[in-house]
Amino acid sequence: MTTTITQRLSRSQKAGRIFETEVPPQQLEYEQKRIQLRQRARIHFERLKFELISSYPNDYVCIEPETGVYLIDEDFEALLYRASIYFPRSLTCIFGINETGTCGRL
Amino acid sequence: MTIIQGGASSLSRSRFGPGGVWIFEIELITSDEEPIVVDAIFDSGFSNGYLALNAADVSALGWRLLQSDVELTTASGLSRFDIYQGKVMMGGKTYLIPVHVGQEIPDLLLGLRWQKHARITVDYRAGLLILELET
Chain A
6 MTTTITQRLS RSQKAGRIFE TEVPPQQLEY EQKRIQLRQR ARIHFERLKF
56 ELISSYPNDY VCIEPETGVY LIDEDFEALL YRASIYFPRS LTCIFGINET
106 GTCGRL
Chain B
15 MTIIQGGASS LSRSRFGPGG VWIFEIELIT SDEEPIVVDA IFDSGFSNGY
65 LALNAADVSA LGWRLLQSDV ELTTASGLSR FDIYQGKVMM GGKTYLIPVH
115 VGQEIPDLLL GLRWQKHARI TVDYRAGLLI LELET
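Chains as they are written, first to last, in this note's numbering: chain A, 6 to 111; chain B, 15 to 149.
Any given hint might turn out to be false.
[Unchecked claim] Label-pair ranges, simulated between beta-carbon atoms:
hint	chain 1	residue 1	chain 2	residue 2	range
1	A	35	B	118	40 to 46 Å
2	B	17	A	83	25 to 31 Å
3	A	59	B	48	45 to 51 Å
4	B	70	A	27	18 to 24 Å
In short, the hints are calculated from the structure, not lab data. All residues carry an ideal CB built from backbone N, CA and C; glycine is no exception.
Full structure from sequences and hints, please.
This is the structure:
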């Protein structure tokens, strides 16, 4: 999200450039990881969807993509905090339990 | 009971904006405990959230990311939001709330979730716009 502008070095690698702008490699890596994560969580969600819609309609589900472990809560805010307690180290994905997986409107 | 109310005084905290939008004055608290006073528009179409913010503004606040890639239905289809742990001050009280951060949000928006903590009284013709927060 942030692009760092490093100060001009006297011996710059790139000729003709005033500043060297670069996106930190760990950030690009993180973005990639997030997209992959979302796709994997989506697979779990599609599998669980119909079962969950019949038993917990309009609740929310938080899926851990690595293992497929999930938490369900009727309250979005409560689920956010529960997720940070149950999965303190791993990245998770939250879906609304409906056809599209959306968590409300704006 | 904390009350945010507009009025004739110069200390007006809420008012009707152009087109009759409901504007409340709130303070965003950065990670360095620095308060920033902003006007937020109450959006009755924003379900399930307290505050929505543009992605460009959130890096300056230094808030912690709680959850990324939550999808919401917007007027232009599905849109992705990140949820940050935000700290805001309303009516002299601080609240720790989840904040929706998206690329396409033009203003600061207050959501319907505040209904759980506040009573909102609106009478446009009498010029009344009151947000009563319970203690």
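Quiz prompt | C-beta pair residue 35(A), residue 118(B): status relative to the range 40 to 46 Å that was hinted | solution = violated, 21 Å
18 to 24 Å as the expected CB spacing between residue 27(A) and residue 70(B), which holds or is violated:
This hint holds: roughly 20 Å between Cβ atoms.
Exercise. Take the C-beta atom of residue 17(B) and the C-beta atom of residue 83(A), compute their distance, and say whether it sits inside 25 to 31 Å.
Key: Holds, since residue 17(B) and residue 83(A) (Cβ atoms, about 27 Å apart) stay within the stated range.
Note to self: Against the range 45 to 51 Å, how does the distance between the Cβ atoms of residue 59(A) and residue 48(B) compare: consistent or not?
What the structure shows: holds, 49 Å
Figure legend: structure checked against the earlier numbered hints; the only hint not met is number 1.
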